[in-house]
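The C-terminal residue of the sequence shown carries number 640 in UniProt numbering, and the numbering is unbroken.
Check each hint, because a few of them may be wrong.
[Claimed, not checked] Derived DMTMM-like pairs (lysine to aspartate or glutamate); straight-line CA-CA distance at most 20 Å:
1. 134 - 112
2. 113 - 77
3. 567 - 305
4. 370 - 112
Rather than coming from a laboratory, the hints here were simulated on the basis of the structure.
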Amino acid sequence: MNKKWQAGGVLAAFCFVESVCAWGHASPLEQEVHEADENFATLNVAGQEAIRHRDYVLAEHKFREARASAFAAGHPEFVREMDARRAAMYINDNEPSRAVLILSPYIKPGVDKYMLSDYLLALRLTNQPKEAVKVFTEYVRDWQDFPTYGLQSMGDLYLRQRKYNKAAEVYAHILSREKMEDVPYVQLGYALALARQGKTGRAAVAYQKMANLSPRYNNAIAGDGAAFIAEGRVGLARKLFASLGITEHEREYWLLRYAQELVQAGQDYGNDAVNFKRDERLANRSYYHEAAKILRQLIHSQDEDIAHEAQAAMAVNKMHNELLADSRRGLQDMLDKDNEDMLALAARGEYERLQLHNLKAGYSSSLDDKRNREQTANIDYDSYWGRNFYLSQEYARHWLQDDDDNVAFGESATGLRKKFVWGEIAGEWIRYDGARAKNGYSLSVEYDFNDVTHLDYQVGRRLHDHAGTVREGIRENYQEVSVLHQLTPQTTLQGSYQWADLTDQNKYREYDAGLAHLLQIKHNYSDRLQLNYSHSKYKREMWSYDSPQRRVEYTAGFRREWNLPQKGVTWQWQSNLNWSQDNDERMGFSPYTRLAYKKEFPHNQSLELGGTYRKYYRRTGQNPRRRDGYALDISYNWGW
Numbered sequence: 001m002n003k004k005w006q007a008g009g010v011l012a013a014f015c016f017v018e019s020v021c022a023w024g025h026a027s028p029l030e031q032e033v034h035e036a037d038e039n040f041a042t043l044n045v046a047g048q049e050a051i052r053h054r055d056y057v058l059a060e061h062k063f064r065e066a067r068a069s070a071f072a073a074g075h076p077e078f079v080r081e082m083d084a085r086r087a088a089m090y091i092n093d094n095e096p097s098r099a100v101l102i103l104s105p106y107i108k109p110g111v112d113k114y115m116l117s118d119y120l121l122a123l124r125l126t127n128q129p130k131e132a133v134k135v136f137t138e139y140v141r142d143w144q145d146f147p148t149y150g151l152q153s154m155g156d157l158y159l160r161q162r163k164y165n166k167a168a169e170v171y172a173h174i175l176s177r178e179k180m181e182d183v184p185y186v187q188l189g190y191a192l193a194l195a196r197q198g199k200t201g202r203a204a205v206a207y208q209k210m211a212n213l214s215p216r217y218n219n220a221i222a223g224d225g226a227a228f229i230a231e232g233r234v235g236l237a238r239k240l241f242a243s244l245g246i247t248e249h250e251r252e253y254w255l256l257r258y259a260q261e262l263v264q265a266g267q268d269y270g271n272d273a274v275n276f277k278r279d280e281r282l283a284n285r286s287y288y289h290e291a292a293k294i295l296r297q298l299i300h301s302q303d304e305d306i307a308h309e310a311q312a313a314m315a316v317n318k319m320h321n322e323l324l325a326d327s328r329r330g331l332q333d334m335l336d337k338d339n340e341d342m343l344a345l346a347a348r349g350e351y352e353r354l355q356l357h358n359l360k361a362g363y364s365s366s367l368d369d370k371r372n373r374e375q376t377a378n379i380d381y382d383s384y385w386g387r388n389f390y391l392s393q394e395y396a397r398h399w400l401q402d403d404d405d406n407v408a409f410g411e412s413a414t415g416l417r418k419k420f421v422w423g424e425i426a427g428e429w430i431r432y433d434g435a436r437a438k439n440g441y442s443l444s445v446e447y448d449f450n451d452v453t454h455l456d457y458q459v460g461r462r463l464h465d466h467a468g469t470v471r472e473g474i475r476e477n478y479q480e481v482s483v484l485h486q487l488t489p490q491t492t493l494q495g496s497y498q499w500a501d502l503t504d505q506n507k508y509r510e511y512d513a514g515l516a517h518l519l520q521i522k523h524n525y526s527d528r529l530q531l532n533y534s535h536s537k538y539k540r541e542m543w544s545y546d547s548p549q550r551r552v553e554y555t556a557g558f559r560r561e562w563n564l565p566q567k568g569v570t571w572q573w574q575s576n577l578n579w580s581q582d583n584d585e586r587m588g589f590s591p592y593t594r595l596a597y598k599k600e601f602p603h604n605q606s607l608e609l610g611g612t613y614r615k616y617y618r619r620t621g622q623n624p625r626r627r628d629g630y631a632l633d634i635s636y637n638w639g640w
């Protein structure tokens, strides 16, 4: 095969892979053509001319005639040349499956490296990664002598197969022999492979080398940055967007793009599978504070368009953070200036589709090894009342039972919370019916240090939750501090400390710490590891209710969640190992498993069912204890 055609083949492959709007042009044949019959040489030229005019039907016809003529004249090298041209033509014409059929007979020991590269490219484009890897491994021994576009095809395949180490190795080899400017998408692929391996620093440097070389590459970098935001890797995304732009206007533009991606991180992609993966990675995480900080700066931009878009994005950001009054006020200001403002109208349309009311009815029942049985039926209502105030109303009926007592009482609670930029303040008044204690209350303050660290403080009075304490009307004056911190995009740490003074002069203390780590997300399921430790104690042990002077508990668990978007169903399975000890008793072991089901219905309605079964081992105590326990729960939600 002549070298001029080989160069044309490389160009054709790069044109298709990198979406550069150019087309492969086969070069004139050299010595083989001069020695061949004039008829098929003329047909070859006619075929190339047809390619230049993008008439692939005519080109195929001419090349087939030339191939038949060469075969009859005994020129196999010319036949191979024509097949190579036809394959390259079909790759350019987005028909790689035909290229695979044409090139398959030539894939054997001693195959021409350019034909092999075209074959690998065609396999990649027809989504045959396993076959491509098999062929590459079998026939390519020397990477140094293999065409760049063939190696790039393999790097892209490894990247798609999530074999990030292999992809990075292939891309690094290409970059060691080619200038980065000549293979820009290899550099971008290398950066992405590093990022997927968790090598954030090296990935950021690799991306930054491509920044501002071309608007096309900047858009590609921004696209990867948006994907990292949806994965919770906002640190890497921040570095990528910060590297974009040379002039002040360009830097503000990309900063605006970054803020808009933060605001829309929880948007509906119209693909339930994508939404599921995004939701599992973010785990209800918000980027409100980082986006707000940027947008407050950009609304004062000298560029009117950037300032205008920043104002619209700020209104949407507040909307997503439940600051509905502030959001509505900002949108109204924009519409007062221009009642046909498309950005404001689009945001107001989203506002009008918000779910402002929610009604939930549920029932739960549980029984533990100490024969503490609890049943609850409840109805909860929550609604937005304006000015960033939210009202809640709850009524519940409780049935509590142990070896000595059996009580039933009602509980009604009216709550009000006010949302602020920095967090929220909430209060609740509680009334009891059928218990000796008649009322209770709670006050809480939630403070957001940033998007990854949250502090919550709560104080109040309530019935101590046990059959014996309810019968005697024992309440607790309690306080609780809890902290939630996102250690990494995959790992969340939470801790809390609670202390309470009971009205029977007893005291209660409890602190716990928990860690949840996202192991993987594959296809339609996700896996999480959960660890928890808690320590609680009462000042005095009372015979009338379960009140050990020391209780220690350790839990290690695994959780898998499946999403079935076609059916609107989510399944969750959880398996935990639990070790606990009361006072000086022998450490008990109680593994348990939980299965939960959720079904989504039209009009913001959903049904949730859950069941837990627990087995107790190595339990000791004065009273006989059960060897198993259970918990059941069901709820129906309706939002409008």
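Each hint tested on the structure:
1. 134 - 112: Status holds; Cα separation ~17 Å.
2. 113 - 77: 15 Å, holds
3. 567 - 305: 43 Å, violated
4. 370 - 112: 77 Å, violated
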